[in-house]
Amino acid sequence: MAKDNQVLEEITSKEYEHGWSVDLAADESPKGLSEDTVRFISKKKNEPEWLLEWRLKAYRSWLNMTEPKWPNVKYPKINYQDIIYYSAPKKKTGPSSLDEVDPELIKTFEKLGISLTEQKRLSGIAVDAVIDSVSVATTFKEKLGELGVIFCSFSEAVKEHPELIKKYLGSVVPMNDNYYAALNSAVFSDGSFCYIPKGVRCPMELSTYFRINAANTGQFERTLIVAEEGSYVSYLEGCTAPMRDENQLHAAVVELYAMKDAQIKYSTVQNWYPGDKNGKGGIYNFVTKRGLCAGDHSKISWTQVETGSAITWKYPSCVLKGDFSMGEFYSVAVTNNYQQADTGTKMIHIGKNTRSRIVSKGISAGKSQNSYRGQVQVLKRASNARNFSQCDSLLMGDQCGAHTFPYIDVENSTAKIEHEATTSKIGEDQIFYCLQRGIDEEAAVALIVNGYAKEVLNQLPMEFAVEAQKLLALTLEGSVG
Amino acid sequence: MSTATLNKTVEEKMALAFDQLSGQKNSNREEAFRDFQKLGLPGNKSEEYRYTPITRALEKNFNFEQQSFAKSTITSVEEFLIPQLESNIIVFINGIYSKEFSRIISPDTEIKISDLQSSLENKEALPYFDKYPKTSTDPFVALNSALWQNGIFIQVPAQTKVVKPVLILHVNDAKSSSLVSHTRLLLVLGESSEFTLIEKSISIGENPIFHTFSEEIIIKENASFDYVKIQNDEGKLHQVANTLINQSSVSKLNTFTLTLDGALIRNNFNIVIDGENCESHFYGLYLLKGNTVADNHTVVDHLKPNSFSNELYKGVMDNNAKGVFNGKIFVRPHAQKTNAFQSNRNILLTDTATINTKPQLEIWADDVKCSHGCTTGQLDEEAVFYLRSRGIPLDEAKAMLLYAFAFETLAAIKNEVLKKYLDGLISKRLNK
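Top to bottom, those sequences are chains A and B.
All the letters of the first sequence, read from the start, carry residue numbers 1 to 481 under my numbering.
All the letters of the second sequence, read from the start, carry residue numbers 1 to 432 under my numbering.
Hints in this document: simulated from the structure, not taken from any laboratory.
Predicted, not measured: the structure shown is a model, and the values here were computed from it.
Built from N, CA and C at the ideal position, the CB exists for glycine as well.
Each hint should be verified, as a subset may be incorrect.
Each pair of labels, with its calculated beta carbon distance range [to be verified]:
(1) 299(B) - 67(A): 26 to 32 angstroms
(2) 382(B) - 450(A): 35 to 41 angstroms
(3) 382(B) - 454(A): 30 to 36 angstroms
All chains, full assembly: derive it from the sequences and hints.
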């Protein structure tokens, strides 16, 4: 046992590897939130009048809303007036090639292991890199352009494709959807926009790296993906953030819109700063993600690996409106030390013959609290709906907690809904089996945890699977309960 | 008009009713009523009552201005008994314990039954009374603690096996007017005792009835308790039954709740496992039709290590019926080696029937085995086809399969006469 504890100590006391900050001159808005802040952001970004109106409308509805109290997380009250809502790396014009990118930035990416130049040449991924809320480099844009795929920063899309933004912005997550979505709608700084035209299968995985850099800056990203009839896109989102002592707020909104026969696959690896081992600092991650299967036979699939953030509040959902549409949610959420995660999904079956599948794997260690909160709703006219949900929890150590809150609401007699959940620790017999075969304890735990999460990790695109496995191992190896 | 203002009027009326208690008022009741006023009647935003439109039903059907002590005209309770079951009988009529109709056949040495109010006055019940209901968390628990009219106190001495079960009949006679009643039970099982309790409610007449019933059950070490609740009222019964069970070490508990009828039934079942090596089984079956709303909320709270709990609730919803299930399992930080299982299975027979289910696990200890499962579906078409291909008509085939689905929940009933009776009720419902 002593050895276990020692190993546990070593691993859990490991400081955040990706913690550093780069000195970039930032162009910031003054602290605090008011209509003026919203106007400031909008003006900074040279936005059209209608978008400013939209932001102001969102801001006004935000004023009348209250912070949700139902998530199973505890944190000190957030002072929304103590946040800088806009900060952008100093730059006169957008870069057209990598040469124009600040060398400091390139270094940052290199530390993260995602050197743009390397990636451009070797992996064939178009990277829309976001540092402190403004897109600084976009690759492979021309190649995508040939197919008619639009993949650019949100602000660029507002300028170049206003008709698309006007049509789809807020169509899946209305501006007043919830407290954080409204806040985001009012002050969102930038994000990514992706449009796949009819019948096009996007030839590469699209990816964006989010990174929070300047201190005290909340990051309010907005992602909008529209897949036209018969198209396919796989989108990767990954994040790491430098070490900070003060809590940082992140309230992103992601909207996916899938037309008839379209397919969107959205994968996330989230490794934001979780706070130190005493629970000090860390990112508050309050995200609204929702996909709408608008057309028949459309499919939206969410995959997430959540290892970071002090507090995670995130429910990637699918609204299955089209007949025969399909929603999927695969999640691994790991919490350690004082992290708190309240995450899950919503599957709303509206169309006929809709199907959904939920696989959620929670792992809690240290003094963390990990909750799964999910809803499966079958409306009256959604005949032959089918859902399968599985949420498993793994506990490591006797001071953490695992919670499951599944809501199942069925109004149609032809629906078939299955839900199962288990909670347990790593079996002593499993460890023993490995030890017996000469596999040391640390490797055994990594093996078992990886096996436990395999079902989800398998869903990740190749490029991400490696990073995800590394992350899992880093957080948990050797943590025998 | 907002519901908030409507709520207020019902609550104000209840306050008037509370004022009329005058003589019976004491600090406990006053505190409970303050808790009730603080909580208010649950609206549709209330997490615990969001699927159960109880507040609306109360606003529509009842006048709470005064505690009603409606007289009943019934002359016999024979027809409400369970045929051939030899049992002690305790009858409440409109919430009042009726000595006249009650019949205790077990000897005094096995069981002591007394009026709760007088047991409190002579301090016999004081060490146990009001220890477990948390009036600050549920408005109806608070309401009952504030307004209860009458109740009984049952004691089973240590090392005693009560051979014959006790049957409690709640007769609510709403022939002449609508009725509101609040009843209370306190049951203490001594060390190493054994006891079976059956509870049945009967409504008479067409007028609406609102009945709250709070039970505190204390099971001491090594005792064993079987509990069966039968809810098949055809009348307009709106019932909130709060059952609070506290288990000590090495005790055994078996419960079965059968819900067949009623306008709106809410069962709050709270089990606190406050001892090691306990074993608890909870079974429930709700076969609903018409416009019945039945809501089972169960909480199993493991405070101590090495206990086992298993919960199985099944439901079949027909017509416009609505079933609600919320099962919570808590495993507290020190309750290591706990095994807790829960399963909820539902069948919807029509598109106008609804099921809202929320199985909930909250676990703070690592060396545990806990699981829950939940399904909603319909009868297996192939199974129906198999039976039909052998000449069994569709309705009969369906009834047969539904019966097989339901029967599993009777597993824990030991008393054969009782089991046969329950089996009869289930078959009758499914064969309509």
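For each hint, the structure was consulted:
1. Separated by about 27 angstroms at the C-beta atoms, residue 299(B) and residue 67(A) satisfy the suggested range of 26 to 32 angstroms.
2. In this structure the supplied range 35 to 41 angstroms holds for residue 382(B) paired with residue 450(A), their Cβ-Cβ distance being about 39 angstroms.
3. Take residue 382(B) and residue 454(A): their Cβ atoms lie about 33 angstroms apart, and the range 30 to 36 angstroms holds.
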